[in-house]
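Each protein sequence line maps, in turn, to chains A and B. Sequential numbering from 1 applies to the first sequence in our numbering. Sequential numbering from 1 applies to the second sequence in our numbering.
Please keep in mind that the hints were generated in silico from the structure rather than gathered at the bench. On a predicted model such as this, the values are computed, not experimentally measured, just so you know. Keep in mind that a hint or two might mislead.
[Claimed, not checked] Below, simulated BS3-like cross-link-like pairs (lysine-lysine); rule was C-alpha separation at most 30 Å, straight line:
hint	chain 1	residue 1	chain 2	residue 2
1	A	Lys787	B	Lys40
2	A	Lys575	A	Lys517
3	A	Lys517	B	Lys73
4	B	Lys5	A	Lys796
5	B	Lys73	A	Lys703
6	B	Lys5	A	Lys512
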Amino acid sequence: MPKQKLVLIGNGMAGIRCLEEILKIDPDRFDVTVFGSEPYPNYNRIQLSKVLQGDTSIEDITLNSWSWYEENHIRLYPGETVLKIDKEKHLVKTDKERVAPYDKLIIATGSNPLVLPLPGVKKKGVITFRNISDCQKIIDYSKKTKRAVVIGGGLLGLESARGLLNLGLDVKVVHISAHLMNRQLDATAAHLLQLQLEKQGMAFLLNKRTVAITGDEYADGLKFDDGEEVKADFVVMAVGIRANKKLAEQSGIPTHRGIIVNDYMETDVPDIYAVGECAEHREKTYGLVAPLYQQGKVLAKHICGEQSEGYTGSIVSAKLKVSGVDVFSAGQITEKETTKTIKAYDGWSMTYRNILVEDGKIRGAILFGDTHEGNHLSGLIGKQASVEEYMRAEQAAESETDLVAAMPDDEIVCGCNGVTKETIVQAIKEKGLTTVAQVRACTNASRSCGTCRSLVAELLKHTIGDKFDSSKREEPICSCTTLTRDEVVSAIRDQGLTSVREVMNALDWKNKNGCSKCRPALNYYLNMVNPIRFQDDRESRFVNERMHANIQINGTYSVVPRMYGGVTSSDELRKIADVADKYHVPMIKLTGGQRIDLLGVDKETLPEIWKDLDMRSGFAYAKSVRTVKTCVGKEFCRFGTQDAIGMGIQLEKKFEGLYTPHKVKMGVSACPRSCVETRVKDIGVIGVQGGWEIYVGGNGGTKLRKADLLCKVKESGEVLEYAGAFLQYYRENAKYLERTSAWVERVGIKHVREVLAKKENRDQFNQRMDEALSVIKDPWHEVLHDKKTQEELYRKVKVGADTK
Amino acid sequence: MGKTKTSIFAAKLSELPENLGKTVMIGEVNIALFRLSNGKVYALRNRCPHRGGVLAEGMISGEYVFCPMHNWKISIPDGVVQAPDEGCVETFPVEIKNDNVYITVDDITNE
Ligand code: SRM
Ligand SMILES: Cc1cc2nc3c(=O)[nH]c(=O)nc-3n(C[C@H](O)[C@H](O)[C@H](O)COP(=O)(O)OP(=O)(O)OC[C@H]3O[C@@H](n4cnc5c(N)ncnc54)[C@H](O)[C@@H]3O)c2cc1C
Ligand code: SF4
Ligand code: FES
């Protein structure tokens with residue numbers, strides 16, 4: 001069946017987010033075309049005020065790079081405006097005379113800045129503030145001039161005024177009301193805000209209605225209705241926005257303040273939807289991203305045929321993004337006769353809090369100076385929580401760290417993207433995230449306005465403990481790249497990369513062939529991320545792992561067959577002896593891992609020996625699960641408390657052949673005498689009366705380390721459960737070539753214990769572990785059934801002296 | 001008597017795996033034959049100047065091979081060991097005619 005054609009008009013924040021949601025649900029459903037008037041990929045419009053303030057650059061605010069469109073097979077026409085929608089023929093027409101048919105059409109044309117119909121507004125030097133081009137214009141003017149005047153004392157006006165100050169200008173803000181941000185703040189908060197901003201160097205002209213813009217060709221000032229004037233070299237008009245509904249209107253789609261939509265973002269015309277600032281839902285239009293993203297989610301579900309409850313409207317909250325000033329407001333802000341308030345005013349430290357209560361329920365809030373409660377309050381207002389609930393939470397939380405600890409799991413941390421504490425914590429734990437950037441990439445939290453960044457950082461600190469250091473920059477994985485292990489693994493996950501070569505290409509490896517350090521690591525990470533789809537890259541394997549045998553100093557190999565738990569039989573021993581005789585194996589030796597090693601085998605003979613042995617590979621050569629050593633246990637030993645051999649065999653059978661960041665050795669003893677050196681194993685299990693102790697992170701090699709107690713359990717099944725969860729967490733979190741000893745040391749045993757203490761975490765790790773285990777095959781048998789590999793890897797070319 | 005050179009058929013090009021070494025024994029001479037991803041084919045003595053590692057089993061990156069024993073990095077076209085290590089591996093001329101790969105060695109029948 002051919003794909004349905006989806007056309008999106010407007011390459012902005014709401015439209016593209018909706019597309020992302022659609023791709024998440026069903027990436028193959030639509031053939032997507034996007035038209036955008038602006039010549040850029042989707043960028044973070046919210047951060048434009050930060051660009052103006054000099055805190056970030058235009059390059060840094062891109063949300064979806066050009067390659068994102070390519071990778072998702074989205075046809076993008078940047079710098080192209082749709083002029084007409086032909087709803088009968090299901091077509092759109094553009095200013096470049098392109099005609100595109102659609103099956104489904106999404107209108108996401110955003111808003112236009114409101115331009116007051118004043119005499120003189122057409123003069124040069126009157127600028128609005130909405131897009132990159134406006135931002136550049138303002139920066140250009142600031143270079144040539146000294147004085148700026150901003151019309152509008154709301155969020156946008158103040159943010160741009162702060163930017164103009166940073167650009168070195170003399171700034172006056174003209175506002176029609178007696179107090180700033182009058183739609184979000186009460187008089188007290190507005191007064192504090194004004195004092196703060198005046199301290200920063202802003203001047204205010206309040207209660208002023210502008211009646212004209214003066215000047216000849218260029219604007220040179222404003223005239224007010226009281227006859228006063230103010231002089232300036234240019235004017236920034238930031239008085240509000242109007243939904244951009246013109247295109248819809250002209251095409252016969254019903255509009256009012258915006259394009260009218262129902263709870264599923266459907267317009268009145270079949271197959272045409274509207275989302276974002278241009279849409280009017282239940283007689284409301286919105287000018288902040290949080291509700292728009294909710295709309296996008298609903299529309300994505302609907303258009304993909306999924307059930308949803310629809311969009312029912314949002315309660316918005318606002319924060320001012322001016323450094324040094326913390327202002328927050330949400331819900332109802334005007335006090336009625338029935339309103340009760342919980343107020344606190346501290347004139348000395350300039351903090352203020354006003355919580356509005358109606359019928360014992362939290363309805364609105366204004367915070368000044370200290371806004372860390374903001375998101376929490378938004379949540380309470382959203383669910384109309386009782387005053388008691390608010391009071392309880394307030395007592396529990398003192399600092400920001402306490403606050404995140406006390407937060408309920410379902411509380412929203414990132415208001416713009418609606419990301420809860422639970423989602424973030426889960427992502428941190430499951431994907432081993434350690435930086436705010438990674439959390440942003442995985443969950444969208446802090447991807448928009450960025451005011452929740454400090455909360456996300458607190459959550460990271462709270463979740464992973466000492467491992468989190470906001471300043472630290474990890475080492476890149478090798479000199480072929482500047483990316484760290486975590487960045488590479490996230491990219492593999494997020495971009496769905498599937499081969500070593502693809503990773504090196506997509507992530508711009510400086511050395512495009514990679515080296516002996518990064519390639520085996522990438523091969524491992526790819527396998528770990530997606531074991532089912534993984535295709536091994538044998539060229540990126542060290543010799544031992546490629547050949548499935550240990551190479552020796554003289555170029556011969558060794559053969560260590562699998563002997564579960566170190567247990568063998570007379571038949572098996574006879575077979576080994578026969579093979580050793582038949583192939584003249586120069587050395588037979590017992591290994592330190594309770595196995596038998598046949599040393600000094602020529603590579604051409606390996607497949608033949610494996611065939612005759614007909615045993616599974618002992619993996620003595622790989623960064624993988626190695627041996628499980630066992631002591632004789634309670635069946636034989638007078639001190640034994642548990643069946644150590646049985647447990648060892650179970651562990652080994654379950655995890656054999658599993659690739660890990662570094663080798664993993666296990667041991668099971670049946671009492672604390674620990675005859676198999678249990679406490680220098682990666683996983684050491686010690687049987688005690690009525691249960692088992694599980695130790696992790698031990699090492700008996702180069703850097704000796706005593707294992708830490710992970711936990712004590714009662715049932716044998718739990719040993720497997722904890723071992724599986726521990727191994728999977730290690731596999732997902734450690735750097736390639738990091739033994740469990742180094743890893744446990746780095747992340748802290750306390751942290752590992754906490755993560756694995758939760759049943760749901762263990763279940764999830766084990767689920768992914770089972771997936772990884774489900775595709776493991778014995779490599780020796782694989783080679784025996786693969787003539788081509790035998791030929792390519794094991795066969796030598798031999799040419800006699802006389803062959804010419 | 002002066003040494004003469006002999007060109008010896010070693011393998012079918014199409015049967016050589018890319019980016020992996022092949023061990024070729026010509027008489028007693030142990031050679032590592034490499035077919036790189038750029039299509040070029042080279043032959044080196046299969047012996048690392050460090051401690052005799054078999055280069056045919058090394059990991060190949062572009063035009064370099066990493067010795068499987070202690071990771072020395074050796075340039076495949078000219079056999080030169082890369083800094084900080086030093087040394088050189090003997091190279092043998094390779095010729096490809098149609099699908100046939102020939103290696104030129106000292107005429108071993110006269111040795
Ligand atoms: C065969 C065996 C020695 C023996 O004859 O007993 C052995 C042989 C090698 N060990 Fe080992 N290790 C052997 C038990 C051990 C043990 C003891 C144990 O497993 O209980 C240790 C210390 C315990 C530990 O790892 O915690 C051990 C610590 C190492 C190390 C250091 C690891 C570390 O983290 O510090 C290396 C090097 C490495 O892995 O990077 C190593 C590496 C090697 C390699 C594979 C070297 C290599 O990369 O080529 C050796 C292969 C020799 C060959 O010619 O085949 N071998 N090696 C043992 C095989 C056990 C088995 O049945 O699978
Ligand atoms: C300086 C600034 C600061 C802000 N700060 C915040 C904040 O802190 N928090 C917050 O939540 N929100 C903030 N906002 C608001 C937020 O940016 C908007 O709510 C959001 O961008 C709206 O998304 P949208 O997709 O509806 O519209 P837009 O992002 O404007 O996207 C619409 C796109 O459609 C294009 N378009 C229009 N008509 C056509 C056509 N006919 N054909 C093709 N393309 C067309 C437009 O060029 C535009 O690129 C801020 C906005 C600005 C300007
Ligand atoms: S550790 Fe205990 S159970 Fe194991 S062999 Fe020694 S004494 Fe027996
Ligand atoms: S033998 Fe080649 S690096 Fe040591």
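Pairwise hint evaluation, Lys517/A against Lys575/A, where the allowed Cα distance is 30 Å at most: violated, 39 Å
Take a quick look at whether Lys517/A and Lys73/B sit within 30 Å of each other, Cα to Cα. This hinted pair holds, its Cα atoms lying about 12 Å apart.
Is the Cα-Cα distance between Lys5/B and Lys512/A 30 Å or less? Judged against 30 Å, a Cα distance of about 37 Å means the pair is violated.
Distance restraint between Lys73/B and Lys703/A, which requires alpha-carbon spacing of 30 Å or less: Measuring from Cα to Cα gives roughly 27 Å; hence the hint holds.
Restraint status (C-alpha distance of Lys787/A to Lys40/B at most 30 Å): Given that 30 Å is the threshold and the Cα spacing comes to 25 Å, the pair holds.
Hey, Lys5/B versus Lys796/A, does the alpha-carbon distance stay inside 30 Å? holds, 23 Å
Hint compliance for this structure: hints 2, 6 are not met, and every other hint is.
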